[in-house]
Every structure is written in structure tokens, then in C-alpha cells.
Amino acid sequence: MLTARDITAGYGGRPVLSGVSIEVPPGRTVGLGGPSGCGKSTLARVLSLMLRPLSGGVSLDGTPVTRWRQRAPRELRTRVALLYQQPRVAVDPRLTLHEIVSEPLAAAGRPSPALVAELAAEVGLTGDLLTRRPHEVSDGQLQRACLARALTLRPRYLLCDEMTTMLDASTQAHLVAVVRSYQERTGAGVLAISHDQVLLDRWADATLPWPP
Amino acid sequence: MSVDAKLEALEALEVTGLTVSFAIPRATVRAVTGASFSVRRGRCLALVGESGCGKSVLAHALLGLLPRNARVSGRALLDGRLDLLSASPAVLAGKVRGREIGLIPQSPATHLTPVRTARAQLEEALSELGSRLGAAELAERFGLAARDLDRYPHELSGGMAQRVANAIALAGDPGLLIADEPTSGLDRPLVERTMAVLRELCEEGRAVLVITHDLRAAARVADDIAVMYASRLVEVGPAAEILERPRHPYAAGLVAAQPDREFVAIPGMPPELTALPGGCAFAPRCRHASEACATLPAMTAGVSCHHPLREAAHAHGA
Chain A
1 MLTARDITAG
11 YGGRPVLSGV
21 SIEVPPGRTV
31 GLGGPSGCGK
41 STLARVLSLM
51 LRPLSGGVSL
61 DGTPVTRWRQ
71 RAPRELRTRV
81 ALLYQQPRVA
91 VDPRLTLHEI
101 VSEPLAAAGR
111 PSPALVAELA
121 AEVGLTGDLL
131 TRRPHEVSDG
141 QLQRACLARA
151 LTLRPRYLLC
161 DEMTTMLDAS
171 TQAHLVAVVR
181 SYQERTGAGV
191 LAISHDQVLL
201 DRWADATLPW
211 PP
Chain B
213 MSVDAKLEAL
223 EALEVTGLTV
233 SFAIPRATVR
243 AVTGASFSVR
253 RGRCLALVGE
263 SGCGKSVLAH
273 ALLGLLPRNA
283 RVSGRALLDG
293 RLDLLSASPA
303 VLAGKVRGRE
313 IGLIPQSPAT
323 HLTPVRTARA
333 QLEEALSELG
343 SRLGAAELAE
353 RFGLAARDLD
363 RYPHELSGGM
373 AQRVANAIAL
383 AGDPGLLIAD
393 EPTSGLDRPL
403 VERTMAVLRE
413 LCEEGRAVLV
423 ITHDLRAAAR
433 VADDIAVMYA
443 SRLVEVGPAA
453 EILERPRHPY
463 AAGLVAAQPD
473 REFVAIPGMP
483 PELTALPGGC
493 AFAPRCRHAS
503 EACATLPAMT
513 AGVSCHHPLR
523 EAAHAHGA
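Taken in sequence, the protein lines are chains A and B. The numbering of the first sequence is the numbering used here, which starts it at 1 and goes up by one. The numbering of the second sequence is the numbering used here, which starts it at 213 and goes up by one.
Isolated chain B, as found in the complex:
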């Protein structure tokens, strides 16, 4: 096996039992609990869930960008060699962020420094990373003309700002990309374009982790989907399976709530991350719940539920 082929087979990111909590006065916020998943090179995993479920905290934990009151445990192996969760801040800043992991920000227009041109910001990234690429060369790859680079962020359209942010994220040629709500607030054509770019980066052999609340955006880009609810992953599997035949009742509710499906909300509200129950956190909102749900279901065959839905259930709109 060639070295390349070996790298190919490795998981670019392998997360095991990732748990993040925050100590706040009189309470503990359990933002991520026991998350396990992996992303391979050339594949894209979308992490979906509603706002406040912990998905952004998960991304920030991988990048070492959590506030000081965060407690983190578990393991997140990058290319099978470096544990991101135990690496020192110096290693993360000097060797990992930008070089091994690129971050595609939520809002490119506010991510960019308003008082400097796109070129100045791109050149800074390239020189910090000691890259041999030129700004113009990198910009061209992202469909930006040289004259666009001389504009200030407020002179760029949303799509152009996104491309500048992407170019900066890619300046260090990272093997893993993390995109945190990359389509939030964009109109549909821009969502489509952003997802197409992420897909292309993935096809080039990078591993891509997309965090989004938008199932349709996830469907456009992801090979696999992980559904997060109240700090835990409740279902992980191939995107087409989860979007067509979700097995966890929460995943099924989310899929059915889309405007081109039943457009019906899941009853109730998620629990507070300061007061998570000992058993299944979805049980109070679940019509399949039973006594068994007072104990935490283990993740089995990609679903963490005592009563996973079967094919037949979907025929009845469950």
C-alpha cells in the first residue's frame, strides 16, 4: 500500500466520547455528551440539530476555541496521530488551526476585518502560514478576480465575502475543514453555491464537517449526517438514509417538519442543558416513549433509542 493510499484509508478525524461542560454559577451546562463519530478524507459529515443543542460547542472544542470555564473530555484524533483535545494551545495555534484544520466561518462579512482589503487579509493568512501560494492565485481558484481583492469587506457582496473567507480558510491547504453554519442568512442560490464549493473541496480529498440547522443544505453536501439533540448524538448514518428513513423519533420529527414534508412541529421544547434527564432526553416529547426510556439508550447500529422506528412506521407518517 502506498503512503497516499494509507492516508486515504485513515479517518481524518475520529472523535470518541467527546464531552464538554461549562461551570456557571449554581449550575453545570452539559453542552456535548459522549459524542463519537468520524470523518474520512473525501467525505462530508453534516452535524444537524436545533439552535442551542450543542453543535457549535462541539466544533469549537475541536478547534480548541472554548472559553476557560469549559471542561472537556474524550478524544479527537486528527489523522490518527494528534489528539486535538489534549494538544497544547501553542500546538493548536501554531500547527493545527489554518494548517491542518480550516474554519469556514458562520458570517463571512463579519468575520473579515472591515478596515482592511480582502487582499491584505488573504496575504496576511498566507504569510502567517508560510505558504508559497500567492493571493491572486488562491483567489482565482475561488472565482475572485484580482480587482475584487482590492475591495473592502463592505464593498463585497455576500457571495464574494464568502469566497474570500473560503480562500483564507484554504490558504494553509488544510486536510480537514470545519464549516460552522456556513449558510446561515444566505439566500437559496447562495446556499446552493456554498454547498457546491464545500462539495468540491470534499471531492478534492479533504474531510469536511458541516454544522447546520438546515436539513436541505445538509442534503446537498453531506455523505453522512449526525443528528444532535440536547447535547447527544441520537442518530448517525448515511445522509440519504436519515433524510428518507430516519429511525430516531427526533430525527424523524425534524425531517417531517420541513416545509416540503408535513410541516408539523415536534410538540414540546428540548430540555435545558443545565437539567438533562438521566434517561433519553427526547422521551418527554416522544409518542413512542415507555418506561424503558428512563434509562439512557446506547448507540446501536447508528441510533440511540429504545424504540427506533422501523420501515413500517414511516408508511404511517411517523
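The following block holds chain A by itself, in its conformation from the complex:
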């Protein structure tokens, strides 16, 4: 279980959310709605150990998190993957899509071309597309690469922060199907953050209002 208790978090000492608690059980998809600017993305950053909360605690499968960002133990950090709304600002523009998807495996010191090929095929990135750089592909194609990258280290929890907001209905349906099938294979817990209630009604097992 990915658990956050009584989280107050913000930037420069100024809280943008306070007293928020949430649980993401393995194998479940928890939907989280709420208007833009309410702090959903800040909560996602706390849950992915990328932002140390001002107060409150996060625990991962029973292990309390005591260190954050690059100081967090790799084993904990890689247990949670985060997908952003804007794929273009989430990738290094100098890398090819193949390098982008391979990056976490290379950083972890266990490159696996076979796994990269398998995930790339699953998100629908074929052949030539993998040799391109971000400026040569569409937002939808780039978000497919970001999803493949997020799955490379087999995270126990996947946080999808407005993952499909910029995408057309067909690409949205495809990416959600990939997340669901990954979840079925691995029993991962998913937090689906979106302001689109219609999408959450279809995707999530249960949807929490904001603040959760």
C-alpha cells in the first residue's frame, strides 16, 4: 500500500495543500478529481518521493519514507513511477525515443533491450519512431514513450497525473488500456489524477473528491 497521512506540502515554505491523506492499495485504481490549481500535482510529487512534505508522512508497503528525491533509497524511489500531463517537458530533448525509454534501466545498471522493445511495442511505438527525437514526434507519440519509460523498472505504484489530458480519445483509450494490462500482470496500484470525471468514472475502481 502507498499511504500518505496528513500531508502538508508546498514550495518555499508556503503550503499549497494541507492535511491531505490518501491510500493507493496494490491492484486497485484510485481516481482523484478536483479543479486545476488545487494541489493534485503537488500531492503526486510527494507520493513519488520527489517533494519532501512540510509535514505528514508517506509510507511505501509499510516502510516509512525518511529521505526524499535523490537521497531516497533507489529501491523505494523506483517503486513509484510518475507520468506527467506534458510529455515534452518530461524528456531530455537530445535523446532518441529509444534512449528515453531505456534510460531508467541504464541508470539502474541493468540494460535490457528486449524489455525496451517489448514495452515500446505495447505502447504502439514501432521501428522508425524509436530512432527519433522528441521534436520529431507528436505529443501522443511522446507520451507513449513516457509511459513505456515509466514501466521499465516495474513500479509497484503508477501515478498518472493528467496523463491523457492533451491527447485525442483514441490515444487516451490506448494508454489507459496499457496501464490496465500492466496492472493485471503485476498487481500494481494506480492513482489516476484527472479533472475529467467521465474518464475517472470509466477508469478508476473508486474516485475520491478533492481534498481526498
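No lab work stands behind these hints: they were computed from the structure. Please note that the accuracy of each hint is not assured.
What the hints assert, rightly or not - Negatives, chain A to chain B, calculated, CB over 10 angstroms:
1) I22
2) G39
3) Q85
4) D92
5) T171
6) A173
7) A177
8) R185
9) W203
Claimed, not checked - To be clear about the criterion: a stretch of chain A counts as covered by chain B if any three or more of its residues have a C-beta under 8 angstroms from a C-beta of chain B, and this derived list gives those stretches:
10) 137 to 147
11) 160 to 169
12) 190 to 197
Beta carbons are placed, not taken as given, at the ideal position from N, Cα and C, and that holds for glycine.
Since chain A is already given, all that's left is putting chain B on it; use the hints.
Chain B alone, transformed into the frame defined by chain A:
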């Protein structure tokens, strides 16, 4: 017929055979191919399609805002008198943009200059356009209080920034509005509000062209929908028809992929705009495809397909 009535009957924008390509090293990107459509005053046309299909390039071509390596052909008549595609950059800058065509930007918060107040930016637009309207007067029409105008863009909420951008787009009282992904990244209540404002501007007698990937946003505002796939328009018609009984298999796939419908993706990926096939570009992903699809289908009765879906097909979820 009065002059007003004549203007009313004219197409505010009539686009015929609009084609845009870009020369890049070792390849040609065909971004828009043979697009024909029109928008009448008091009507709204939504141009829908996935990212990378060419819809933003189409909008930029109409505004004369394409990069220098673009090759443009076809015709885009504004009010039946001025061809936007052959007009000089000076005419487009001095007489068309802001005065005849207003652009509602994709991301108002980044469209506004961060170091100047909303008032300064609105007043600049009004004075550039030689408008007699005052900033406060225009702002009030868009539900902005005078004190909101003294804020800097980072102090405005998303909705307020959108209203400032709308006020600037409307400063020159243009008859045609082009909104390029006006709801991208907004939450649903803001999407609804933005669409309601666009609808109102349309009801006032302006022609509105909305470019969006969001079918639900299109459904809220559009009288007509044009579906674009791999640089071509594949289906054009009344919004209700296309959303309820799409006839092109791609349009049908897009409609069915919505989360409140079947929520199933269209198999495969669109072709690259550098390597478009000679025939129907959707054929490799289409389960109705046949040998006929190796030749390009003509646009007939609003649909460009050799095997348009019929009523009966929809009963089976096609």
C-alpha cells in the same frame, strides 16, 4: 436585400483546396492536403483530430503565421473578398490579424507577457488597432473587474487569464475568430466556460473556427465538425450527425474511443506526414478496407471514404 443581410449570407471564411507542405532535409512534410470547408457568420466549425494530424498548421496558414520553409497553395477567402493565402505579410499584419481575424491562443497564461499588467497589454492592443473602446469597457464584457486588470499574468487564475486573452482577441472586433486548442489543460468547469464564451461570440454573429482534440468540447460549441486525419479532412458535417452517426471509419473510431462510449482505441498508428500513401491514409488501420482504398476517395456528401458506414453498421458498434 439589405447590406447586412447580404453579409449574413456570405461565408465569413471559404477555404478551397488548402495544401501546406514543409521542405525539410531529405523529406517533405505534407501537413495539410486539399482541405475545403467554410464557416458562416453566426456558426462555429470545430476542426478535430489527433495531435500531429495538421490541424494547427491549417490555422496558422489562415493567419499567415507559417515558418519560411512552408509551401502553401489553395484559396482561403475572407468575406468573399480577400484571399488570405495570397495576401502580403503587410496586409495580414496591418489589416487582417486582430481586425478581421482574432486569435484565441492555446495557453493564455503563456500567451500574455509576464512582466506587464493585463491592463497594459489590453490597452496596447486597443491602441494598435485604433479602437475607440476603453480597456475597462472591454474587460467588463468578459467578466473582468477593473482591479483584475492591474494584475500581472502570474496573479491571474487560469480562467481570468483566458478572459484577458479573449478580450485582447476581441479588441479589434474581428468577424472571424480562430481558437487553437482553447481548452487544452483546463479543467472541465473551465472548458465549459470557455466553450460557453465562444458560443456567445458566435451567437453575436461572428464566425468561429475551433481547433481541438477534445470531442466533448467540440460537442459543446460547434454547429459543424470537420474531422482531420493525416493531413486530410475525412468527414465534414453537422456536429450532431458526426458525433452520433459518424460515417468515416476514422471518425467512428474516434467517437467510439471516448470514455463514455466504448473506450477502445483505434488499432495502429497514423502514418508519418513525410510518407503519406497515395490512397486512403486510414486504410492500414481500417477493418473495412479493400482494394479500392489504394486510390484516394473523393469527398462525397461530406465523407471521403470508399466504404462509408451506414446506419446499420452503427447498430453493431462499428
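Original post:
Hint by hint, which ones does this structure get wrong, listed from lowest number up?
Top reply: Structure breaks hints 3, 5, 6, 7, 9.
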